[in-house]
Structures are given as C-alpha cells and as structure tokens.
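Produce the complete structure using the sequences and hints provided.
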Amino acid sequence: MPETNGHSNGTPPPSDAGNGNGAGAGNGNGGGKVGTLVTAAKAVQARAVEEMKETIKAPEKTDVWKSILRVKHDETPRSRALGVLSNVFLHLHPAKINRDAVAYDYTWGMGGMTFYVYITLVFTGTLLMFYYHPSKVVAFRDILYLENDVPFGKLLRNMHRWGAHLMVIMVELHMFRVFLTGSYKKPREFNWVVGVLLLVLTLLLSFTGYLLPDDQLGFWAVTVGTNMARATPLLGHAGPFGAQLGMTPFNDVRFGLLGGSIVDSNALLRAYIWHCVAIPILASAFMVVHFWRVRKDGGISGPAPMVLESEIKEIKKV
Amino acid sequence: MDLHQLWTILSTPDNVPIVLLLLVVPFYTWYGLRQSFANDRLIAQLEADPVMAKTHHRKTQPWQPGWAREVHVWPYLLRIELLAAIILTVILLVWSIALNAPLEEPANPTLTMNPSKAPWYFLGLQEMLVYFDPWMAGVVMPSLIIVGLMVIPYIDTNPLGNGYYTYKQRKFAILTFIFGFIVLWVSMIVIGTLIRGPGWMWFWPGTTWDHNRLIFEVNRDLPDLFGITGKVGKVAFGGFVVATYCIAAAMLVHKLITWNPFNRKIYSRMSVLQYTTMQIFLVVMLSLPMKIAARLLFRIKYIWVTPWFNI
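Read top to bottom, the protein sequences are chains A and B.
Position 231, counted from 1, in the first sequence is what this note's numbering calls 212; the numbers after and before it change by one each time, with no gaps.
To convert a position in the second sequence, counted from 1, into this note's numbering, add 133.
Simulated from the structure, these hints should not be mistaken for lab results.
A virtual CB, placed ideally from N, CA and C, is assigned to each residue, including glycine.
Worth double-checking, as some hints may not be accurate.
Claimed, not checked - A partial selection of chain A residues facing chain B, derived with a Cβ cut-off under 7 angstroms:
| hint | residue |
| --- | --- |
| 1 | PHE160 |
| 2 | VAL174 |
| 3 | ASP195 |
| 4 | MET209 |
What the hints assert, rightly or not - Here are some of the chain B residues that sit facing chain A, going by a computed Cβ distance under 7 angstroms:
| hint | residue |
| --- | --- |
| 5 | ARG174 |
| 6 | ILE176 |
| 7 | LEU293 |
Structure below.
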C-alpha cells in the first residue's frame, strides 16, 4: 500500500477485513451496489478518523511538520541545540550559554530589550506611515486624523512615542552595564565602537522623528537643534572661520540638513526620509554587525571568573 | 512653594521619561555597584588565600563540582526572552493607554515657544549652550563625546574586570564613567528639563515660572576683569589662561592615574599615544565643570576672547 497518510512510521491503515464480505458477492440485486458503496465509504471514513487521531496525537510526526521544522522534536540535548541553531530567528543565539548569564543581574536584559523595542518601533512606525504625508499643512492634519478617527490611531502614536523614549533610556543603560562589567575589553573593543554608533543612530532616529508631527514642540526643538549646525567650525556660516571660508546661510552645513535656510517643507521631507528610510537601514545594518560580533567575539562577556591583581600578565612587546 | 508649577513640569508628557530616568539611573547604579562590591569582597578573600584562589570557581554565583557550566539556550534563555518581551509589551501598552503623546499647536515660525527646548536627550547639550558658544557646545563637544566614547576600549589598558562587576580593580575607569554619564550627562539633562524655565533662566523646583522675570547679572569676560583691553592683549591673556588650565588639568589627571601602586602598574602599560589620547579627552571633559563653576560662581562669560572664536 503506498503511503499517503503522511505518517512515516507506517502504521498500516485499518484493514478492510470486516467490510470486504458483501462487496464481491454480486448477485444482481439493486440494493447490493448501494450497500457496497456504503460499506466502502464507511471504511474510508473509519480510516480517515484513525489517521486524524494519529495526527492530533503526534503532529510532530507528520511530513508537513517535519518539512517546516527540519529537526526532530525530542527531548535530547542534540535536538535542543539544533532547534536553536537551525532556526533562522533563533540562530543568533548559541546552543548553550554560561549558566550565570541567564540571570537578570548580570546583563539587566537591556541589549535584548532594546532590540525588542526597536522591532515594536519598526512595526508601529510602518503602520503610522500608512496615515502620514510628509508635507506641510497635511502632516499636522494627518496627526489629528490619526488621533481622532483612525481606529487605535492614538494608541499607535502613543506606543511609537513612548517606545522611542524607552529605547533611548535602554540604550544608555545598556552602555552603562557594558561599561560596569568591562565588557568592552579584549576582544570586544570594536563591538563597543559599533555600539557607540548605534547609540548615535538611536538619538538621530528619535530626533528626526520629533519634527514629523509638524507641531510647535517639534518645530522649535528641531529649530534649536539645527541652529547649532550653523555654528559648526569651518562648515557653518556663524561658526569659527566659517565666514572666512565663504559660508552663508544658503550654502552651509545647516542648509544641507534642512534643505533650506529655515525649518520648512523641505526639512520635513528630509526628516521623514532620514527617519523612515535611511537611518533605520543604517541602524539595522549596524545591529546585524553588533549581534554578529557578540557571537564571534566569544558570546556575551560573562559573568566570567574573576582575575586577581597578582595574575596580570605582562604585555607582549613586539 | 508652587506645587502646581512643579506638577505641571513633571507631568508634561515629554518630561515623563526624565522622571523615569531619575528613578532607573540611580537604581541601576546601585544594582551594578552592589554586585561590584560583592565581587570585590570575594576578590579580597581570594587575594588573601592562595589555596582558595586555586580551587574556587571565582564567581559570587553558586557553583558546585558536577554542575554544568553552561545551560541550553532552549529553554533556559528563550523562556526569559519571551517573558521579557511580554512584560515590555504590557508596560508599553499600559503606558500608551494611560498617557497621550504630546501634540501642540501647528508649527508656527512667528510664534516662538518660551522656553523652546530640544528633545530631552539633547537637553544636556542645550544646557551646555549656557557655558559655551554654539560651535563648542553644539558641534565640538558632541563630536568629542562620541569619539571619546569610541576610544575608551583602546585607552583602557587595565586587563582586570573583563566580564564581571568590580569597583576595586577599576576604580579610575568606573569613577570617570560615572562622572561623565551621571554627573555631566544625566544631571545636565535633568537641569535642562526640570530647572530651566522661560528665557532659559534658573528656576528651582517648586518656584513659579515667571515669564517677566529679569535677572540683572552682567556676565563679564575674564580679560576685562583683569583690565586687559587691547585686542592682542586679550588673545594673549586668554590663550595663556587656557594653556595654564590645560597644563594644570593634565597634571591633575596624571596625578590621579598614578595615585597608587596599582594605578601606576596600569599606567606603565600605556603607550604614549594611549596616554596622550586619554589626557586630551579628560582635559576637555574637565573643562566643562570648570566653565560651569566659572560661570555660576564668578559670572564669567568668556575666558579666551579672539576675533575668530570665544571660549
């Protein structure tokens, strides 16, 4: 019998032994044919029920399940390790981890939670983009529309706003923890540098998003913020040596940031593109590097066995 | 005491993160240092007892022979991550239901907000504008902060404290970071948010934000205090004072990093480049509290006045 029920353990389908009797005895009776069909149908039904029971009892044995998860789901260490390593979403993790690192007190969970908040921000942000036009006049109305008419629009905007604040706080605390545990030391020096870049990108993401509602708060915050750019040494028209180098309000670095000499529609569009496209792509790329390096530099740094002062090794002179 | 004013400031939606910051930063500082001190006690024990140092697993966490040093990520880490994600989602949802994001009047370039403030995480920089010119506070200092953070791993030659909390083995590094992060960054944010009112004037918490308040304080330049009026004289005098400060600060930093035998041991591991880099960043960092003191205590505006830039 070809295996069609999706069970690889080859449980034989329920036999037709009990039902086969009436089928073959063709004595020309009109009711005989119908009876044969009914018994055959009953047999198929019984078989289907049986197969269904098997599937529900052990879904992990079906071909469909196996094709999705690729590895056996049993209680062996090997399967546990493979379950993590062969899964695209989980393979950032090692198979095994320092037993003391899973306690909250060492990492405070700040790095992972920052990443999670970033994901929620991308999610809510994408939904917000459906209701927002980055142009003067319309932008503010879109926010009003979002707050008053869009189902759950207010909640969406609030989650995006508070998530952003939360992310800034968490990134700073993550940096604080990494410093306190000396996790930037060999061999993780470069990952600290990547982390600093991510901190800067986080602040820039927050800052560019501030202008988008196009209200007084954002407008003046961005005005104050970008006014500093005009004082950039050499590159700003009000900065040291700026005027001497031919900088004016219409060709300096602030003009480049705003797309104009004041915070206006061009600035709104630029903030929007930086906020929704450019910086998220950059930040995601750096995050990939950051997480990759965590693994490649030997996993998370600790809690490591403590080293005593008397055990410091001399540095090798080249 | 104007409690209503205090409540208005604290309950402004965008200031709520600062209130949160005021709670979590001290908490995590305590939380981290508590573990540092616990580890330091064990380190002291191990230093005193070489036999114990040989056999001990060298962590404050419990461990017994026969226990696995590593656990499976599935489920021991993944279940925590799932839990953290759920808790965080709930917190964010509750916060978002309870508190609305701010939305003011439509942007109006003709109507200046007073005080007009940057987002809270940049208020430290905006507060710096009081003490330095914009090119310094808005451009040079932030760049130096970023680069300064990046060079930390390359100038810290102390091999101890890699992967565990400790205070004793890294006193200088920890104190410097706490000074920079909490005393300068966080407290300047708090000042910028909670204390600076209309006209960026100083209003103690609980006093009313008086929009008509006038302060009759004249800020003077240092050369003027000494009666130096000539252009060349000002440049030369200011340059001299700044140079003197740099030398004095560098000497202070040098004194600190060669304070005790352990510090000297770490110092001897530094290359000239590492030492110079560290000096430059620390001298610049120390110039901020110096300038704050000069401004708030002596009402000095500029130290060094030149035709091109003022410091």
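We went through each hint and held it up to the structure:
| no. | hint | result |
| --- | --- | --- |
| 1 | PHE160 | 5 angstroms, holds |
| 2 | VAL174 | 5 angstroms, holds |
| 3 | ASP195 | 5 angstroms, holds |
| 4 | MET209 | 3 angstroms, holds |
| 5 | ARG174 | 11 angstroms, violated |
| 6 | ILE176 | 6 angstroms, holds |
| 7 | LEU293 | 6 angstroms, holds |
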